Amino acid sequence: MAFIVFEGGDGAGKSTQCRSLLHRLRRRGYPVVITREPGGTPVGESLRRLLKSSQNMSNMSELLMFEAARAQLVEQVIRPALLIGETVICDRFTASSIAYQGYGRGLDLGLIHQLNGYATGELSPDLTIWLDLPVEVSMARREQSDGDTFDSAAPEFHEKVREGYSALSEQNPGRWLVLDATQSPRELARTIWAKVQPLL
Numbered sequence: 008m009a010f011i012v013f014e015g016g017d018g019a020g021k022s023t024q025c026r027s028l029l030h031r032l033r034r035r036g037y038p039v040v041i042t043r044e045p046g047g048t049p050v051g052e053s054l055r056r057l058l059k060s061s062q063n064m065s066n067m068s069e070l071l072m073f074e075a076a077r078a079q080l081v082e083q084v085i086r087p088a089l090l091i092g093e094t095v096i097c098d099r100f101t102a103s104s105i106a107y108q109g110y111g112r113g114l115d116l117g118l119i120h121q122l123n124g125y126a127t128g129e130l131s132p133d134l135t136i137w138l139d140l141p142v143e144v145s146m147a148r149r150e151q152s153d154g155d156t157f158d159s160a161a162p163e164f165h166e167k168v169r170e171g172y173s174a175l176s177e178q179n180p181g182r183w184l185v186l187d188a189t190q191s192p193r194e195l196a197r198t199i200w201a202k203v204q205p206l207l
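Our numbering numbers the first residue of the sequence shown as 8 and each following residue consecutively.
These are computed hints drawn from the structure, not numbers from a lab.
Note that the coordinates shown come from a computational prediction; the quantities given were computed from them, not determined experimentally.
Among these hints, one or two may not hold up.
Label pairs and their calculated CB-CB ranges [claimed, not checked]:
1) GLN190 x ASN63: 32 to 40 Å
2) MET64 x LEU206: 33 to 41 Å
3) ASN63 x LEU207: 39 to 47 Å
4) SER65 x SER191: 38 to 46 Å
5) GLU194 x ASP133: 18 to 26 Å
Straight-line C-alpha distance at most 20 Å; calculated SDA-like pairs for lysine to any residue [as the list claims (entries may be wrong)]:
6) LYS167 x SER65
7) LYS167 x LEU114
8) LYS167 x ARG112
9) LYS167 x ASP115
10) LYS202 x VAL39
11) LYS202 x HIS30
12) LYS202 x TRP183
13) LYS202 x LEU29
14) LYS202 x SER27
15) LYS167 x ALA147
16) LYS167 x VAL144
17) LYS202 x GLY36
18) LYS167 x LEU186
19) LYS59 x ALA78
20) LYS167 x VAL185
21) LYS202 x GLU93
22) LYS202 x SER131
23) LYS59 x PHE157
24) LYS167 x GLU177
25) LYS59 x ARG43
Glycine included, each C-beta is placed from N, C-alpha and C at the ideal position.
Turn these sequences into a full structure, and let the hints steer you where they fit.
Following this line, the structure appears as structure tokens:
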């Protein structure tokens with residue numbers, strides 16, 4: 008049993024690596040649940056649609072909606088799965104709020120840490136995998152996607168987000184795996200699996 012979170016900017020390959028790890032675990036017979044933030048529950052998916060489409064939302068409203076979706080996901084999906092011994096893979100978790108709403112939007116980091124604690128009941132991942140991608144590469148990849156509120160943000164915003172992830176990884180080196188996301192998906196998957204195996 009392990010709680011594994013993937014973090015990084017859009018276009019870094021989180022969804023690809025989440026699915027790759029899911030398939031590896033299932034092939035070996037591990038009970039596993041995969042989910043995402045915001046989302047993973049009916050409430051969370053409704054909030055996701057609002058967050059992805061709204062161009063005029065205040066920064067604080069954005070943060071609180073992410074926290075509401077997170078609280079629902081932890082209560083309905085993540086914690087129940089962990090309690091029965093399942094491994095949980097989550098595409099984004101609390102670090103996203105610190106990186107995006109804290110470093111990116113400039114909201115108070117102490118407040119975000121506090122809200123993260125309330126929303127999750129102080130639940131922390133066993134491993135956070137940060138797929139680190141230079142902003143210019145990330146923006147080039149995002150041009151090929153549908154785009155959302157965050158995609159349209161200036162490069163300076165995404166540089167601040169990357170700084171946030173870097174700071175978090177330095178504060179928690181034992182629980183973070185930092186990977187160069189310009190590597191091939193196959194190379195990344197091999198490195199991730201080598202790190203995950205001991206947790207199981």
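* Is LYS167 close enough to VAL144, meaning Cα to Cα at most 20 Å? -> Holds - the C-alpha atoms of VAL144 and LYS167 are around 15 Å apart, at most 20 Å.
* **Holds or violated: LYS202 to VAL39, with C-alpha atoms at most 20 Å apart** => Distance of about 17 Å is within 20 Å: holds.
* Taking 20 Å as the top limit, are the C-alpha atoms of LYS167 and ALA147 close enough? -> holds, 18 Å
* Does LYS167 pair with LEU114 here, judged by a C-alpha cut-off of 20 Å? -> Within the cut-off at roughly 12 Å; holds.
* To do: Indicate whether the distance between the beta carbons of MET64 and LEU206 respects the range 33 to 41 Å.
  => holds, 36 Å
* Indicate whether the distance between the beta carbons of SER65 and SER191 respects the range 38 to 46 Å. => holds, 40 Å
* Hint consistency between LYS167 and LEU186 [alpha-carbon to alpha-carbon, up to 20 Å] -> Satisfied, since the Cα-Cα distance of roughly 18 Å is no more than 20 Å.
* Asked: Holds or violated: are the alpha carbons of LYS202 and SER131 at most 20 Å from each other?
  -> holds, 17 Å
* Restraint status (C-alpha distance of LYS202 to GLY36 at most 20 Å) -> holds, 18 Å
* Verify the proposed pairing of LYS167 with ASP115, using a straight-line Cα cut of 20 Å. => Holds - the C-alpha atoms of ASP115 and LYS167 are around 14 Å apart, at most 20 Å.
* Taken at face value, is the distance from the CA of PHE157 to the CA of LYS59 at most 20 Å? -> The hint holds at about 8 Å.
* Would you say the C-beta atoms of ASN63 and LEU207 sit inside 39 to 47 Å of each other? -> Since ASN63 and LEU207 have Cβ atoms about 45 Å apart, the given range 39 to 47 Å holds.
When the structure is compared with the earlier hints, no violation turns up for any of them.
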